Amino acid sequence: MKRSITRLLMAPSVIMLLVWMIVPLSMTIYFSTIRYNLLYPGQNRFVGLMNYEFFVTDPGFITAVANTLILLLSALVITVVLGVMLSALIDKPFFGRSIVRVLLISPFFIMPTVNALIWKNMMMNPVYGIFAWISESLGLQPIDWLGTYPLMSVIIMVSWQWLPFAILVFVTALQSQDTEQKEAAQMDGATGWHIFRYLTIPHLARPIAVVVMIETIFLLAVFAEIFVTTGGGPGYASTNLAYLIYNQALLQYDVGVASAGGLFAVLLANIVAFFLIRAVGKNLTV
Amino acid sequence: MTLNQQRKLKTLITGLLAWFVALLLFFPIFWMFLTSFKTELQAISVPPTLFFEPTLDNYKIVQERSDYLLHAMNSVVTSFGSTFIALIIAIPAAYSMAFFPSKRTKDILLWMLSTKMLPAVGVLVPIYILFRNNGLLDSRTGLIIIFTLMNLPIIIWMLFSYFKDLPKEILEAARMDGATPWDEMVKVVLPLSIGGIASTGLLSIILCWNEAFWSLNLTASNAAPLTAMIASYSSPEGLFWAKLSAASTMACAPIVVFGWFCQKQLVQGLTFGAVK
Amino acid sequence: MKSLSKNTIACAVSLATAITTANAFADTQITVATVNNGHMIEMQKLTPDFEKANPGIKVKWVTLEESVLRQNVTQDIANKSGLYDVMTIGMYEAPIWGQRGWLQPIDASGSYDEKDILPSIRSGLSYKGTLYAAPFYGESSMVMYRKDLVKAAGMKISDHDSWDHIRDVAKAINDPKKGIYGICLRGKAGWGDNMALVTTMANSFGGRWFDEKWKPEINSPEWKKAVSFYVDLLGKYGPPGASSNSFNENLALFNEGKCGIWIDATIAASFVTDPKQSKVADKVAFAQTPYEVTKKGSNWLWAWALAVPVATKHEAAAQKFVRWATSKDYIKLVAKNEGWASVPTGTRESTYENPNFQKAAVFASAELKAIKSADPEDSTLKPSPYVGVQFASIPEFQAIGTTTGQMISGALAGAMTVDQALNNAQKAAERQMRQAGYY
Chain R
1366 MKRSITRLLM APSVIMLLVW MIVPLSMTIY FSTIRYNLLY PGQNRFVGLM
1416 NYEFFVTDPG FITAVANTLI LLLSALVITV VLGVMLSALI DKPFFGRSIV
1466 RVLLISPFFI MPTVNALIWK NMMMNPVYGI FAWISESLGL QPIDWLGTYP
1516 LMSVIIMVSW QWLPFAILVF VTALQSQDTE QKEAAQMDGA TGWHIFRYLT
1566 IPHLARPIAV VVMIETIFLL AVFAEIFVTT GGGPGYASTN LAYLIYNQAL
1616 LQYDVGVASA GGLFAVLLAN IVAFFLIRAV GKNLTV
Chain G
1169 MTLNQQRKLK TLITGLLAWF VALLLFFPIF WMFLTSFKTE LQAISVPPTL
1219 FFEPTLDNYK IVQERSDYLL HAMNSVVTSF GSTFIALIIA IPAAYSMAFF
1269 PSKRTKDILL WMLSTKMLPA VGVLVPIYIL FRNNGLLDSR TGLIIIFTLM
1319 NLPIIIWMLF SYFKDLPKEI LEAARMDGAT PWDEMVKVVL PLSIGGIAST
1369 GLLSIILCWN EAFWSLNLTA SNAAPLTAMI ASYSSPEGLF WAKLSAASTM
1419 ACAPIVVFGW FCQKQLVQGL TFGAVK
Chain A
12 MKSLSKNTIA CAVSLATAIT TANAFADTQI TVATVNNGHM IEMQKLTPDF
62 EKANPGIKVK WVTLEESVLR QNVTQDIANK SGLYDVMTIG MYEAPIWGQR
112 GWLQPIDASG SYDEKDILPS IRSGLSYKGT LYAAPFYGES SMVMYRKDLV
162 KAAGMKISDH DSWDHIRDVA KAINDPKKGI YGICLRGKAG WGDNMALVTT
212 MANSFGGRWF DEKWKPEINS PEWKKAVSFY VDLLGKYGPP GASSNSFNEN
262 LALFNEGKCG IWIDATIAAS FVTDPKQSKV ADKVAFAQTP YEVTKKGSNW
312 LWAWALAVPV ATKHEAAAQK FVRWATSKDY IKLVAKNEGW ASVPTGTRES
362 TYENPNFQKA AVFASAELKA IKSADPEDST LKPSPYVGVQ FASIPEFQAI
412 GTTTGQMISG ALAGAMTVDQ ALNNAQKAAE RQMRQAGYY
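As you go down the protein sequences, you meet chains R, G and A in turn.
Take 1366 as the starting number for the first sequence in our numbering and just add one per residue.
Take 1169 as the starting number for the second sequence in our numbering and just add one per residue.
Take 12 as the starting number for the third sequence in our numbering and just add one per residue.
Quick caveat, the hints were computed from the structure, so don't treat them as lab data.
All clues stand as given, with none of them false.
Derived CB-CB ranges, DEER-like:
# : chain 1 : residue 1 : chain 2 : residue 2 : range
1 : R       : ILE1387   : G       : LEU1334   : 31 to 37 Å
2 : R       : TRP1498   : A       : ASP285    : 23 to 29 Å
3 : A       : GLU62     : G       : THR1309   : 26 to 32 Å
4 : R       : LEU1434   : A       : GLU125    : 54 to 60 Å
Note that the structure is predicted; figures quoted are calculated from it, not measured.
Here a beta-carbon is modelled for each residue, glycine too, at the ideal position from N, C-alpha and C.
So here's chain R without its partners, still in its complex pose:
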């Protein structure tokens, strides 16, 4: 009796997600086996695995996979490390703490496209950007960020966007840290670093796992930032999988190859998820 009720409660979600997964997925699988170019209507013959072969042998493929992983890992490390440090910094009360908190989390509310446009045009532009102005005032040669360090520039933008999310989660978690325990440790002569290392970090294990999990889902599919700023270049320097698929789907309108690429990205995402869950899984509630 109880069982059937719980099943009933879960049914809407499960059914909806099942449909959401199966319908596009099966269409994608079907499309990936036919020749399907939007610009060549009516020539949809079966081609077997040709689309997969075509996608995997793309000259940018290996770079794109590597870039996807580099982007994911760097942004994760930056947001988690800085997030922990900053949330520890604003844990204790000081003048204007609530304003500082508001300022710190604001970038999370900015649209990714706007984020990319601000950074590209107003911060990183080597002639009239703020960074160029700072280096010139210091007598240095301005850096052409998007040309010379394209992937790093994208990582900076993405981290700027997601750091506030990490801060939000960690600040919440720190609020629940046992203050008595901390004070007791202080009485025993523990330094601030020791408290941070042996009390705060373990306390944050679970929230860190959560941040890693959620950010991974979004970071694997970073697209807007690349589309707006570097266009995947120069060369393939900042092309990730999502962008490579975009190249197929919307520049070439080759739905067949794009579908094959999409399925490959699902595969990669699941591999990454598998390892991540093993790494941080014991800290997850799931």
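Given chain R, work out where chains G and A should sit, using these hints.
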């Protein structure tokens, strides 16, 4: 130095450092806001202009050119609507998984999260065709459906971890009184988890508001939200930084201000089961 | 309770139907998709004029940046969704879509005066002699330079200089310490960005995209010479970050007084001579594009045009709108409201014949000369099978051009050598053409 003085000094240093970092991280937003009051020529001048006579021209131009209210309305309706629907669907599921877990609960949760991993650009054409055949292109309904499904896994997961941390004793007491699972959910669990539900909803609203891929590809004139408005100001032929800044400020302001007002709520609710 | 809620729903549904049907009866509503460029914004502003002249038709606008617009309208037309009644498309799409039967032929009868349209523009927007998109404005490329700087360096720039001479002038002007860069050129990857310029250079060095059998020739000696020259020139005498600059970035640099020479779209002339947005408005002069071994294809040709998809449900209204927006009267209307310097150019002979226009636009004669000298049917030294000066009007080109652009911007940024870049591009192009079934 006394201990008290030492502590005060420490607070001062922490505070200054925190302020410095916060201002640094906020600077790009501030700069965008400032640029929106410049002329196009001031926007690209070297060295950057800090002091200038502010102009409202850019906002006037955006007002004239775009139906801001329509775009904003579309953003509000789609992000709030989809969040509302997703919450209604997600609460029972999260509840039943949290309080009546089975061996497969963990697998189901992971599977739900994995549905988010199909990259949007890879399934654009299938979804586009489905939408066209069902008359959902360029409709708010269509966007709401997409946004709901997009965020459902994360919403379920967040609620699940929140529910799991509720004190078990209260529930057991209710059960002793003969409450059905439904009563238990509506009368005991929901009132206790308003905070968690609210912050989950807030997060979902923010994610919907800023979603740019589906909203650009599946809408035209009627249902286009604010993200689509941005696309009409970026990279035209000619100088555009100041106008773009104004449009961006208008597009982001509602959600930023909303976020500021709700930040206490966000901070209290995003526990992910960390409170224990 | 139950019956009450049922009633409410029924009531709401009927109300909703009533509202929608009422709307449907009132007007024919057409949706126009367009690029967010200045001339189109002006067209949007003038909509009331059209609506007044054609009661019963209401116009709705979707204005998007170029790349997003292109995605949206291609999706729409290829899937026959019918969201848009009028689409703004370029010279690249018009012949391809016309061939597919996706576009209605343009109704160019009577007072529209089709003969008035510049011949090169008309042929670029037609397929087998039928006009499938009506030109809204057209452009070619030309040299814009700072007469003060060139004179101060003791140099001279004239029509059709050699590329070597342009390099010498750029070298003479270049003074990065004072924030002045010899030459600004497009470097950002994209078939419509850096490749527009690089293709015209390759053309003038004697290269072509494909041979007569559709085999790509991107790593031919001519291309290598052209691209090496480009990378060397822009790397040595260009601004920092040239590999992410396209039209707008260069416009900003030029208007700030940071470029000595800028070779780009003729439409830029109206911006750089406008004192409201340019610090150097009175110091600019124009010349025809430089060349190396041939003048053929050394300046590009592009037009933004309005087209009516076959999937539209309001064909008559859409055609009326297209005729209005691309007519002689429309140009006069803009002139009346904004002055002759702001009219959309590059489409009609009559515009250039107008003495008021000649007086208002200092760039008029240079622009007309450039547009007339471009021939999309014959733009390469060796014969080629494709139509288009800075592109090849086949569906595969968008991808090939973009990949090649990526590689060349990589070479410009120093990530690879020119040889590597062009060989990569060649391989990618061959793959693409094989996949598409050319051979």
